[in-house]
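There are 2 protein chains.
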Amino acid sequence: MFLLNGESRHLVDVSDRGFQYGDGLFETLEVLQGTALFLDRHLQRLTEGCQRLLLPPPDWQLLQQEAQQLTANTEHGVLKIIMTRGSGGRGYRQPEPIVPTRLLSLHPYPQYPTSLQSHGIVTRFCDQLLSINPSLAGIKHLNRLEQVLARAEWRDDAIQEGLMLDNNGHVIEGTMSNLFIVKNAVLYTPALTQSGIAGIVRQLVLAFANQLALPISIQNLSKDQLLQADEVFVTNSVIGIWPVKQIAQHSFQVGEWTQRLQVMLNQARLIEVENHD
Amino acid sequence: MFLLNGESRHLVDVSDRGFQYGDGLFETLEVLQGTALFLDRHLQRLTEGCQRLLLPPPDWQLLQQEAQQLTANTEHGVLKIIMTRGSGGRGYRQPEPIVPTRLLSLHPYPQYPTSLQSHGIVTRFCDQLLSINPSLAGIKHLNRLEQVLARAEWRDDAIQEGLMLDNNGHVIEGTMSNLFIVKNAVLYTPALTQSGIAGIVRQLVLAFANQLALPISIQNLSKDQLLQADEVFVTNSVIGIWPVKQIAQHSFQVGEWTQRLQVMLNQARLIEVENHD
Chain A
1 MFLLNGESRH
11 LVDVSDRGFQ
21 YGDGLFETLE
31 VLQGTALFLD
41 RHLQRLTEGC
51 QRLLLPPPDW
61 QLLQQEAQQL
71 TANTEHGVLK
81 IIMTRGSGGR
91 GYRQPEPIVP
101 TRLLSLHPYP
111 QYPTSLQSHG
121 IVTRFCDQLL
131 SINPSLAGIK
141 HLNRLEQVLA
151 RAEWRDDAIQ
161 EGLMLDNNGH
171 VIEGTMSNLF
181 IVKNAVLYTP
191 ALTQSGIAGI
201 VRQLVLAFAN
211 QLALPISIQN
221 LSKDQLLQAD
231 EVFVTNSVIG
241 IWPVKQIAQH
251 SFQVGEWTQR
261 LQVMLNQARL
271 IEVENHD
Chain B
278 MFLLNGESRH
288 LVDVSDRGFQ
298 YGDGLFETLE
308 VLQGTALFLD
318 RHLQRLTEGC
328 QRLLLPPPDW
338 QLLQQEAQQL
348 TANTEHGVLK
358 IIMTRGSGGR
368 GYRQPEPIVP
378 TRLLSLHPYP
388 QYPTSLQSHG
398 IVTRFCDQLL
408 SINPSLAGIK
418 HLNRLEQVLA
428 RAEWRDDAIQ
438 EGLMLDNNGH
448 VIEGTMSNLF
458 IVKNAVLYTP
468 ALTQSGIAGI
478 VRQLVLAFAN
488 QLALPISIQN
498 LSKDQLLQAD
508 EVFVTNSVIG
518 IWPVKQIAQH
528 SFQVGEWTQR
538 LQVMLNQARL
548 IEVENHD
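So the protein sequences, as listed, match chains A and B. Numbering of the first sequence is given in this note's numbering, commencing with residue 1 and proceeding in unit increments. Numbering of the second sequence is given in this note's numbering, commencing with residue 278 and proceeding in unit increments.
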């Protein structure tokens, strides 16, 4: 199901700058019992992305209405929101005024085995590097060739995620997820000011860690630090929190902090559903 | 005028990975007297881009036919070719098999004053940096947010181009053009193995320089080297060769080497038209 600028259409003009240049942003949300989870946090990130890309701010009320319209009867699914700079302009020069294109689309929830949540996933290191660009770091923009090329490096379905490093050799994130480690009862995650996407579940995990009085360190992570971690997990809005049980040849236990954070995330998801009714 | 997968349409499915991720490539060609200039060179670059992005190679014969169909009656215009990975796949994971989307579109030739060719253009330095990524450098892919943000830095129509540096402070190219300098009768241009797009007119200029026995050095260029140049010019397939008469506060003369290369490019354009008939 699609809502393109409010209409039930799924064809966009080829002159749209999303198609021409990847000139836009997106959000991916879990839909549970008719609720698009953490919608306000996603709209906040979208708003910040618009500021960074010099796009007009999104109309929250309109997007909330359209999300509601699309997801009201969905038990479990995925909502994707795309905003682009629309059509027009001369080459790279942006049009004046900018009339953004907005697309909401509803998709089936992927059928992941529940064991991934409980027993963890297998990961690998990708050869494809993340380039460093502070002006684009953190936001969920539509220029995603690095992730596409990284994901194309393996076809083995036993491997659920690939971990990506930046040009400086820092471990940044997964192809579709943020990365956390716990070491000596401290939670570490990369800063994402130079590259990477700052996820909504990442925000939530950092808030939960505060509630648990688990100290947080947002800093560069090396491969060695990662491989010597007590616990490793990855997060995104669709998978939630997946423990990592294997990185290349290194094995990890599913840790207690990881499990506590999973419980808190599940509670927060249910509260979202309750508050929405 | 548009040809989308061979049909006269201009609407593409929103699930196309060009729209979702900027997952594709493009080419921009000048059309003169019914001829898409240097089409084979553009198809060669497109083919190389497909290899780099793990896309099936383009069908040259089909693209030649479609280009001919679209441009046959055009005195002067611009042809754009876009190839994307098509629809499908799961998230960033590419579909199997890949069924590419191809779009050919015909546009009016921009009305640039002829004085830009003869007397040169005014340029500025952009704050927006080009990120370093060897796996994407050189090819004309659809992830163009850096260029969009760079071009958004100025609105003064007296400035025709912005020059972009990479993270290491090297001058790489213009927002829409390649950059050359001449110093002490040597032609310099950046390597484009770490960032930037290797243009077709850039290829031609290097070939002309060989014919003129003008020594070539493909190397990193600093801002200082640029500002101390004897001649500066920028190139792309639509503008051809534009001398640079000003960079920020520094002035330059239109040089003799630049003029000789312009003459050679114009000859090559006319030969393209003749050979096409």
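In short, the hints are calculated from the structure, not lab data. Quick caveat: nothing in here was measured; it's all calculated off a predicted structure. You may find that some hints are simply not true.
With a straight-line cut-off of 30 Å between C-alpha atoms, the simulated DSS-like cross-links for lysine-lysine are [claimed, not checked]:
1) Lys-245(A) / Lys-183(A)
2) Lys-417(B) / Lys-357(B)
3) Lys-183(A) / Lys-80(A)
4) Lys-417(B) / Lys-80(A)
5) Lys-140(A) / Lys-460(B)
6) Lys-140(A) / Lys-357(B)
7) Lys-500(B) / Lys-460(B)
How the hints compare with the structure:
no.	hint	verdict
1	Lys-245(A) / Lys-183(A)	holds (15 Å)
2	Lys-417(B) / Lys-357(B)	holds (12 Å)
3	Lys-183(A) / Lys-80(A)	violated (34 Å)
4	Lys-417(B) / Lys-80(A)	holds (27 Å)
5	Lys-140(A) / Lys-460(B)	violated (43 Å)
6	Lys-140(A) / Lys-357(B)	holds (27 Å)
7	Lys-500(B) / Lys-460(B)	holds (14 Å)
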